[in-house]
Amino acid sequence: MSAREEILSGIRRSLKATGAEGPRRAAVGARLAMRPRGVVPARGRRDPAGRTALFVAMAQAALATCAVVTSPQDAPAEAARFLRDANLPARLRMGADPLFADMDWSATQIEISHGPSDGHDLNGLSRAFAGVAETGTLMLASGADNPTTLNFLPDNHIVVVSADDIEGDYESAFDRLRALYGDGLMPRALNMVTGPSRSADIAQTMLLGAHGPRKLHIIVIDAAG
Amino acid sequence: MSVHAHPTTPQFSANAHRAMGDGNLQEALARLRVGFSTRRAAAIADLPEFDALRDAARDIKIHTLAHLDLYIEAYEQRVKESGGHVHFARTAEEARRIVLDICAAHGAKTVAKGKSMISEEIALNDALIAAGVRPIETDLGEYIIQLRGEMPSHIIGPAVHLTKDQVEADFRRAHTHLPHDRDLTEPSAMLAEARAVLREKFIAADVGITGANFLIAETGTSVIVTNEGNGDLSQTLPKAHIVLASLEKITPTLEDAAQILRVLARSATGQEMSVYTTFATGPRRAGDPDGPQEYHVVLLDNGRSAMLGTEFEDMLRCIRCGACMNHCPVYHAVGGHAYGWVYPGPMGAVLTPSLIGVEKGGQLPNASTFCGKCEDVCPMRIPLPKMMRHWREREFERHMTARPQRAGLGVWAFFAKRPALYRLGTALAMRALAFTGRTTGRISKLPLAGGWTATRDFPAPQGRTFQSQWRDRTKAKAR
Ligand code: SF4
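In order, the protein sequence lines correspond to chains G and X. According to this note's numbering, the residues represented by the first sequence are 1 to 225, in order. According to this note's numbering, the residues represented by the second sequence are 1 to 479, in order.
It is worth saying that the hints were derived from the structure and are not from the lab. Treat the hints with caution; some may be incorrect.
Unchecked claim - Covered stretches of chain G, going by a simulated chain X footprint (3 or more residues, C-beta under 8 Å):
no.: 1; segment: 57-66
no.: 2; segment: 144-155
no.: 3; segment: 193-206
By construction, the Cβ of each residue, glycine as well, lies at the ideal position given by its N, Cα and C atoms.
Generate coordinates for the entire structure from the input sequences, incorporating the hints supplied.
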């Protein structure tokens with residue numbers, strides 16, 4: 001018997017089941033199809049302005065920095081300001097996201113390059129397809145628009161998220177994901193990011209910038225803000 | 001051969017004795033004792049739904065385990081559809097073989113590894129080295145203990161037993177290409193050094209290996225939860241990504257994972273959410289500028305399917321958060337290495353005998369004061385003390401039929417001989433102590449037991465001795 005068959009039949013022996021039982025199969029089918037939500041914390045249940053405010057507060061509590069701008073056209077200047085204030089070189093690597101392509105970067109002096117990171121980029125720019133207010137979490141999907149390596153290799157990561165894309169809880173953000181990719185389908189990598197990289201592995205002292213970015217700066221685009 | 005293959009679990013008493021005289025360890029444990037529990041308590045106070053989420057998380061696992069065969073089939077199907085491979089491994093040996101074959105197919109010389117307890121359980125690094133493949137641990141804690149040739153002493157903080165000075169000495173010994181007189185007094189300087197050293201290794205690695213916190217049946221996805229970002233680099237940069245996971249990591253849906261995620265980080269580190277929670281589904285796709293070209297999952301049984309349907313089934317709900325050891329007076333006193341194998345603390349005391357056999361691991365369930373704190377804090381509501389008692393019964397029965405007064409009793413004697421524990425031997429003292437510790441749940445001074453409490457607090461007992469509970473239990477059984 002193959003390892004696969006032996007493991008499955010071992011499980012069935014322990015469960016006193018055959019795997020062919022109608023009710024068991026129905027229970028599994030129903031859960032995978034209905035995806036019950038369980039307990040969703042009340043804290044994310046707010047109007048859009050409340051969600052954005054909670055998102056910003058929670059992201060800051062996780063040691064990200066945040067700025068709110070009212071239009072996508074204000075994002076390049078905010079990115080430039082962040083780099084300048086942090087004494088970072090005016091260089092930024094980004095993917096092909098149409099949101100960034102439509103922005104006018106010429107006024108900022110920032111030297112732009114495109115594509116994934118090979119580990120030698122100081123600053124990366126990405127767009128999150130969703131934010132989650134309950135914990136200040138960003139959701140980023142892999143692909144040419146926002147290469148995954150940009151989320152982890154650069155020392156400093158700037159992430160743009162639209163206030164319209166901020167949900168109260170993870171479950172609502174998963175629904176948004178399904179609307180983008182289809183039921184049961186996922187991008188190759190979905191990164192939920194809450195604050196900059198950190199480690200407490202040396203003498204239980206929490207330090208930022210372990211392997212991922214030392215700084216995470218979030219630019220929220222909020223027309224109402 | 002390493003400690004993995006030769007657990008020192010049977011020598012628990014001697015290990016524990018040594019640990020209690022180790023000044024560096026005691027300094028590290030003193031810090032752990034306060035830090036983790038304070039942060040956890042604060043995070044939980046901020047989430048009114050926490051206990052309801054614990055119930056929900058427990059129920060999800062109970063449902064999943066009862067339908068595990070079917071969810072595994074659904075999961076496997078989804079992984080295949082996304083272009084990945086699922087390999088089934090009955091034993092540690094089979095899992096090692098599968099990993100070595102994949103490494104060989106890629107001509108791998110170095111492997112970048114994210115933190116994986118399964119990798120520790122199957123002693124993968126020894127096997128890789130024997131096959132001429134260099135494993136590089138990239139989690140900072142795992143990297144430090146790899147430099148030292150040690151096992152993790154904690155499931156989420158592998159190097160939690162070490163002081164800053166010890167790590168500095170290890171870095172100076174290992175990173176000989178750097179200037180001798182460099183300043184490493186600040187932990188931040190050591191972190192920057194490790195980051196730079198490991199960055200080059202990530203980029204050079206041929207294969208990346210990670211564990212998984214969840215395997216999602218709905219989508220065929222592996223999920224890792226980290227704070228450093230090392231797991232993500234391990235699974236994104238190399239040509240092939242291998243996920244090592246045991247059967248019980250299967251979780252039905254994204255929604256189910258979200259329920260458990262809400263209790264995981266809060267219980268583990270007291271964070272609202274860990275920094276990186278990454279969902280990986282299959283290999284690089286058309287148009288993807290990054291990601292691995294191959295995606296493999298090694299699904300390990302190693303004794304777990306046999307735990308289903310037994311009194312130890314509840315242990316399969318464990319999400320490896322570490323809360324039970326962070327709140328355990330025995331772990332606080334002796335640290336993780338005394339347990340002699342991969343899994344320390346209360347969860348290790350229950351799991352280890354299941355995985356390496358009661359002959360080798362049967363002593364651990366005695367390493368308990370039965371204070372009940374582990375069950376109180378376990379996010380998955382695993383009845384750890386009850387299962388330790390099951391093991392003790394089994395050990396007892398085994399010795400009744402075989403050689404009397406051996407292993408288990410030795411450990412019990414060890415604890416019974418400690419002055420503080422000796423004093424706990426009478427019900428009167430128990431009640432007095434319960435009163436003394438009522439306000440904080442902890443006692444920092446025990447009269448006449450200075451030797452013990454000089455270095456550690458003793459948790460306030462719940463008012464009844466183990467023996468009295470044992471009597472009630474055996475009586476209940478007899479009825
Ligand atoms: S037994 Fe419970 S508390 Fe201990 S690691 Fe597992 S889930 Fe966490």
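Right, here's what the structure says about each hint:
1. 57-66: holds (count 3)
2. 144-155: As far as the segment 144-155 of chain G goes, the hint holds, because 7 residues have Cβ atoms under 8 Å from chain X.
3. 193-206: holds (count 13)
Checked against the numbered hints above, the structure violates none of them.
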